[in-house]
Amino acid sequence: MADMKSYRKELWFHVPGRRAFINITPQVEASLVECGIREGMVLVNAMHITASVFINDDESGLHHDYEAWLEGLAPHAPVDHYEHNRTGEDNADAHLKRQVMGREVVVAVTDGRLDFGPWEQIFYGEFDGGRRKRVLIKIIGE
Amino acid sequence: MADMKSYRKELWFHVPGRRAFINITPQVEASLVECGIREGMVLVNAMHITASVFINDDESGLHHDYEAWLEGLAPHAPVDHYEHNRTGEDNADAHLKRQVMGREVVVAVTDGRLDFGPWEQIFYGEFDGGRRKRVLIKIIGE
Amino acid sequence: MADMKSYRKELWFHVPGRRAFINITPQVEASLVECGIREGMVLVNAMHITASVFINDDESGLHHDYEAWLEGLAPHAPVDHYEHNRTGEDNADAHLKRQVMGREVVVAVTDGRLDFGPWEQIFYGEFDGGRRKRVLIKIIGE
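Residue numbers (our numbering), protein chains in the order written: chain A, 1 to 142; chain B, 1 to 142; chain C, 1 to 142.
In short, the hints are calculated from the structure, not lab data. A few of these clues could be false.
[Claimed, not checked] List of simulated lysine-lysine pairs, DSBU-like, C-alpha gap at most 30 Å:
no., chain 1, residue 1, chain 2, residue 2
1, B, K9, A, K9
2, B, K9, C, K5
3, A, K9, C, K9
[Stated by the list, open to error] So the derived list for chain A, only partly shown, Cβ under 10 Å to chain C, looks like this:
no., residue
4, A46
5, T50
6, H81
7, Q99
8, V100
[Said to hold, decoys possible] Computed footprint of chain C on chain A, listed as stretches where at least three residues anywhere in the stretch have a Cβ under 8 Å from a Cβ of chain C:
no., segment
9, 15-23
10, 32-40
11, 88-97
The beta carbon of each residue, even a glycine, is placed where N, CA and C say it ideally should be.
Please model the entire structure based on the sequences and the hints provided.
So, in structure tokens, the structure goes:
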């Protein structure tokens, strides 16, 4: 195999509400085509600590279930329940929810494609929206 | 160091019941020997979104504790508690449990071996068995 | 791009109490300078199965919130609630907490630096201290 190559791209998001799940698989696939790497790994990570990147199903009922489940595990309110919110923030719950869903995924690149099972899709999970936030795509391989 | 190499292998599982934890460390080690990569990284990921790959202890009491704990965090029943199950599935809880335990692990390869601490073992975590499902091993390095 | 290089370093910790969060970003940055890799990926993982490496905010109120939240999700006591503790251990809760917070992070290396968003910091999360434990830093790239 030949020399190692690398590629970097940022995706920008502005979720108007507090929370959302956005399918970013097409953007990651487009990055892979653009860089021409055929064998290697893709890292996709939230660059903010109140957001996640995760892999699961693109099914709206499931996304509703995630939303309700995470709210049960780490409720937004009462906001004064959290010491972090004494800093003037109201997003402590978002820092907790992001740990359950994860910061990043690493996906194999094989024959120039995301090496995925039948239902795998990559999502940006926003838990504290209302401002511009970023995801990093980094690809290494050859 | 020399040119980058890559290697890919699928492991197949058919868990008869709904849930199980299976130690797959020997298969990952065998892949490493087979490919001859001495320095790099191994990605091991579930290719299905109701299963996990994670690293922890090979101790049956702990596996029982994981099972009971995950069932408390994301109960299987009542199945109509979950919107996802209106699609005809009964596995919404499996999609939630998998997020707690994780989709993938990345392990360092050093001197041709998994660069592990004293008790680290790699497990396939099945949360919705009864059919054939896959794990991907991808190794890059030299 | 040139040939692939790799680098490995262990960090050692001895947390006197049971639990702590320690910012290890400076040590990971120092490793990056030391190895001279400009483009690639860094893997940082706990080598023990009752500890985590994760990325979040260096804010003491948030760390207090994580501590309280994890204790609610996976209480330490009563220790005989867990089958794992029948082996003579009292750390079953630490194995559970570590799954929520994660074993490892993978960070992009770009232009010789950790490719981070504005608030990202890397932490060692100890859930069963009182003895010497390790974190592995593995860097691949060129």
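List in ascending order the numbers of the hints, as given earlier, that are violated by the structure. Hints 9, 10 are the ones this structure does not satisfy, whereas the remaining hints hold.
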